[in-house]
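Work the whole structure out from these sequences, hints included.
Protein sequence lines, in the order shown, are assigned to chains A and B.
Once you know that position 68 of the first sequence is 68 in our numbering, the rest is easy, because the numbers rise by one and skip nothing.
Once you know that position 62 of the second sequence is 162 in our numbering, the rest is easy, because the numbers rise by one and skip nothing.
Calculated directly from the structure, the hints in this document are not laboratory data.
All residues carry an ideal CB built from backbone N, CA and C; glycine is no exception.
All clues stand as given, with none of them false.
Straight-line Cα separation of at most 30 Å, DSBU-like style, residue types lysine-lysine; simulated pairs:
#: 1; chain 1: A; residue 1: K65; chain 2: A; residue 2: K3
#: 2; chain 1: A; residue 1: K65; chain 2: A; residue 2: K41
#: 3; chain 1: B; residue 1: K141; chain 2: A; residue 2: K11
#: 4; chain 1: A; residue 1: K11; chain 2: B; residue 2: K103
#: 5; chain 1: B; residue 1: K111; chain 2: A; residue 2: K11
#: 6; chain 1: B; residue 1: K141; chain 2: B; residue 2: K111
#: 7; chain 1: A; residue 1: K11; chain 2: A; residue 2: K41
#: 8; chain 1: A; residue 1: K41; chain 2: B; residue 2: K165
#: 9; chain 1: A; residue 1: K41; chain 2: B; residue 2: K111
#: 10; chain 1: B; residue 1: K111; chain 2: B; residue 2: K165
#: 11; chain 1: B; residue 1: K111; chain 2: A; residue 2: K65
#: 12; chain 1: A; residue 1: K3; chain 2: A; residue 2: K41
#: 13; chain 1: B; residue 1: K141; chain 2: B; residue 2: K165
#: 14; chain 1: B; residue 1: K103; chain 2: A; residue 2: K3
#: 15; chain 1: A; residue 1: K65; chain 2: B; residue 2: K141
#: 16; chain 1: B; residue 1: K111; chain 2: A; residue 2: K3
#: 17; chain 1: A; residue 1: K41; chain 2: B; residue 2: K103
#: 18; chain 1: B; residue 1: K141; chain 2: A; residue 2: K3
#: 19; chain 1: B; residue 1: K103; chain 2: B; residue 2: K141
#: 20; chain 1: A; residue 1: K41; chain 2: B; residue 2: K141
#: 21; chain 1: A; residue 1: K11; chain 2: B; residue 2: K165
#: 22; chain 1: B; residue 1: K103; chain 2: B; residue 2: K165
#: 23; chain 1: A; residue 1: K11; chain 2: A; residue 2: K65
Reference listing, derived: stretches of chain A covered by chain B, where coverage requires no fewer than 3 residues with Cβ under 8 Å from a Cβ of chain B:
#: 24; stretch: 18-26
#: 25; stretch: 31-41
#: 26; stretch: 46-52
#: 27; stretch: 59-70
To give an idea of the chain B side of the interface with chain A (calculated C-beta under 7 Å), a few residues:
#: 28; residue: A125
#: 29; residue: V134
#: 30; residue: V137
There are 2 protein chains.
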Amino acid sequence: MIKATVYVTIKQSVLDPQGVAVRGALHSMEFTEVEGVRIGKYMELTLNTNDRNEAAERVTEMCEKLLANTVVEDYRFELEG
Amino acid sequence: MIKATVYVTIKQSVLDPQGVAVRGALHSMEFTEVEGVRIGKYMELTLNTNDRNEAAERVTEMCEKLLANTVVEDYRFELEG
Numbered sequence: 001m002i003k004a005t006v007y008v009t010i011k012q013s014v015l016d017p018q019g020v021a022v023r024g025a026l027h028s029m030e031f032t033e034v035e036g037v038r039i040g041k042y043m044e045l046t047l048n049t050n051d052r053n054e055a056a057e058r059v060t061e062m063c064e065k066l067l068a069n070t071v072v073e074d075y076r077f078e079l080e081g
Numbered sequence: 101m102i103k104a105t106v107y108v109t110i111k112q113s114v115l116d117p118q119g120v121a122v123r124g125a126l127h128s129m130e131f132t133e134v135e136g137v138r139i140g141k142y143m144e145l146t147l148n149t150n151d152r153n154e155a156a157e158r159v160t161e162m163c164e165k166l167l168a169n170t171v172v173e174d175y176r177f178e179l180e181g
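Laid out in structure tokens, this is it:
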């Protein structure tokens, strides 16, 4: 069993409207020290394999095909176990 | 400037329908080694302060009040800078 933790973030050059909205909400709650907010996704995948190289290859493929929209998002992942 | 990275995850005992849907999609794409998927949020906050203790306290307050729904979600964060 390998646990893959995938982080998908919006590219720096792309506007993150969800982040802007959260920043606005935090400001209206007096958290005015918040200068910027970027929101991404965090995914934990449990893989039924023990081959780390194979897992890395397969998770890359999953990110490219489904988990991330590589036009506007970046991804990175960590394997564990 | 302090950068806070916040991870919000659905509690283990709570069903994660988004994760179930992604797992189903991965299976239909022949990624059958995926046993489970849990989806959470990943947030990067830039804080205009240099006091780490104060930042930790304020980010905890933001999580409790807005960023996480503590009934069904857990959160953790890291500070940097």
